[in-house]
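**Student:** The task is simple: from the sequences and hints, build the whole structure.
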Amino acid sequence: MASIARITRFLTVGASALAVLAAPVPAFAQDNNDEARLRKLEAEVRALQRRVFPGSEGRYFEPEITGQPRQNQATVATPSTTAVTDILSRLDALESQIQRLTSQYEEGSFAVRELTARVEALENRGATSAALPAPSATGASRPSATSQGGTATPTPAAAARPDPARVAAVQAIAKPQTDDPGDDEYSYGFRLWEAGFYPEAQQQLTMFVERYPNHSRATYGRNLLGRAYLDDGKAKEAAPWFLRNYQADKAAARAGDSLLYLAETMIALDDQSRACIALAEFNETYPALSAGRLKSQYDANRRKVTCN
Numbered sequence: 001m002a003s004i005a006r007i008t009r010f011l012t013v014g015a016s017a018l019a020v021l022a023a024p025v026p027a028f029a030q031d032n033n034d035e036a037r038l039r040k041l042e043a044e045v046r047a048l049q050r051r052v053f054p055g056s057e058g059r060y061f062e063p064e065i066t067g068q069p070r071q072n073q074a075t076v077a078t079p080s081t082t083a084v085t086d087i088l089s090r091l092d093a094l095e096s097q098i099q100r101l102t103s104q105y106e107e108g109s110f111a112v113r114e115l116t117a118r119v120e121a122l123e124n125r126g127a128t129s130a131a132l133p134a135p136s137a138t139g140a141s142r143p144s145a146t147s148q149g150g151t152a153t154p155t156p157a158a159a160a161r162p163d164p165a166r167v168a169a170v171q172a173i174a175k176p177q178t179d180d181p182g183d184d185e186y187s188y189g190f191r192l193w194e195a196g197f198y199p200e201a202q203q204q205l206t207m208f209v210e211r212y213p214n215h216s217r218a219t220y221g222r223n224l225l226g227r228a229y230l231d232d233g234k235a236k237e238a239a240p241w242f243l244r245n246y247q248a249d250k251a252a253a254r255a256g257d258s259l260l261y262l263a264e265t266m267i268a269l270d271d272q273s274r275a276c277i278a279l280a281e282f283n284e285t286y287p288a289l290s291a292g293r294l295k296s297q298y299d300a301n302r303r304k305v306t307c308n
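The numbering of the sequence shown is this note's numbering, which starts it at 1 and goes up by one.
Hints should not be assumed to be uniformly reliable.
[Stated by the list, open to error] What follows is a set of in silico ranges between Cβ atoms, one per label pair, in the way DEER data are often shown:
no.: 1; residue 1: Arg293; residue 2: Thr178; range: 26 to 32 Å
no.: 2; residue 1: Thr285; residue 2: Pro213; range: 43 to 49 Å
no.: 3; residue 1: Ala165; residue 2: Ala300; range: 31 to 37 Å
no.: 4; residue 1: Ala251; residue 2: Asp180; range: 46 to 52 Å
no.: 5; residue 1: Arg211; residue 2: Ser96; range: 48 to 54 Å
no.: 6; residue 1: Glu210; residue 2: Gln99; range: 45 to 51 Å
no.: 7; residue 1: Gln104; residue 2: Glu210; range: 57 to 63 Å
Quick caveat, the hints were computed from the structure, so don't treat them as lab data. None of these values were measured; they are calculated from a predicted model. By construction, the Cβ of each residue, glycine as well, lies at the ideal position given by its N, Cα and C atoms.
**Tutor:** Printed below as a string of C-alpha cells:
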C-alpha cells in the first residue's frame, strides 16, 4: 500500500508538471529564460518517470544515465576534460622546446664544422705531425755501428766530445731559486734561449711544459720551445709546438704569438698555402695584435707570401 501511495503521489506531481507544460507559452517566448525553464521542467518530468517506473528498460523514456549515478558521472567527466586540456598544453610546450633545441643543435653543428675545417687547414700534412718532439740530452751519442768484422766502430757523433767552453758557458747561466719551482724552470729555459744555447733551451723547456702543463707560464713555455726549435733551424720540430699552444687555449697570453710563428714556420717550410691560412686566422682572431704589438712581424710575414 505504501508503494501504491508513493506511486500515486509521484503521478500527482507528474500530472502537475505536465499541466504546466501544457499551459500556453506565448508569454514565455518573450524572454530567453523561458526556454531554459521549459528544459528544466522536461528534465524534472523525465526524472520523475524514472522514479515512478523503475526497471522500465527504456519503454517510456530514453535513459540519460547508464552505469553510474549522475553525480559520479559529472565528477569523472570534469577531471577528464581538464586532463586532456592539460596534455594538449604540455604537448604544445614540448613542441616549442623541441623546435628551439633543434635550431640550437643545427647552429652548434655548423659552428663545430666550421671550426674543425679551419683547424684542419692549419695542420701541416707533413711538417706539423702530431708527434711531439722528444727531449734529447746535449751531447748524446748515436748507437754504434758494427763493422763487418764484428768490431764496434764508433760513429763520428759518438766520438764527439762536448765543447768544454760551451759547457762552462751553459753552467755560468744561473738558475733562479724562488718559491715557485715552475717559474724557475721556465725562466732558466728562457735564459738559455736568450743566450743562444738552443739545444739546451729545448731540453729545459720540454721538461718544463711536461712537468708543469697547468702552470701560468705554460703558454709562454710552449711558445718559447717552438721558437727555440725555429731559431735552431728546425722548423719541422717547431711547428707542432706552435700549433699545440694555439689550440690549447686561444685566449692564452701567447696563443696569438704561436699562431703568427706558425705562419712563419710554414714560410720556412715553403708551404705558402698554409702560411696564408695561418696569417688570415691570426688577423681575424687577434686584430689587436696584428695592429699593435705584433704588427711589424705580421706585415713582414705578409710580404713574404702571396695570398689570395
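**Student:** Please check whether arginine 293 and threonine 178 have a Cβ separation lying inside 26 to 32 Å.
**Tutor:** With Cβ atoms ~27 Å apart, the hint holds.
**Student:** Do the Cβ positions of glutamine 104 and glutamate 210 conform to the proposed distance bound of 57 to 63 Å?
**Tutor:** violated, 39 Å
**Student:** Does the hinted range 46 to 52 Å hold for alanine 251 and aspartate 180 at CB?
**Tutor:** violated, 23 Å
**Student:** Is 48 to 54 Å a correct range for the gap between the Cβ atoms of arginine 211 and serine 96?
**Tutor:** With a Cβ separation near 52 Å, arginine 211 and serine 96 satisfy 48 to 54 Å, so the hint holds.
**Student:** Using the beta carbons of alanine 165 and alanine 300, state whether their distance is inside 31 to 37 Å or not.
**Tutor:** Once the Cβ atoms are compared, 35 Å apart, the range 31 to 37 Å for alanine 300 and alanine 165 holds.
**Student:** Is it true that glutamate 210 and glutamine 99 lie within 45 to 51 Å of each other by Cβ?
**Tutor:** This hint holds: roughly 48 Å between Cβ atoms.
**Student:** Should the hint that threonine 285 and proline 213 are 43 to 49 Å apart at their CB atoms be regarded as holding?
**Tutor:** Cβ of threonine 285 to Cβ of proline 213: about 23 Å, so the range 43 to 49 Å is violated.
Taken one by one, the earlier hints fail for this structure at numbers 2, 4 and 7, listed in ascending order.
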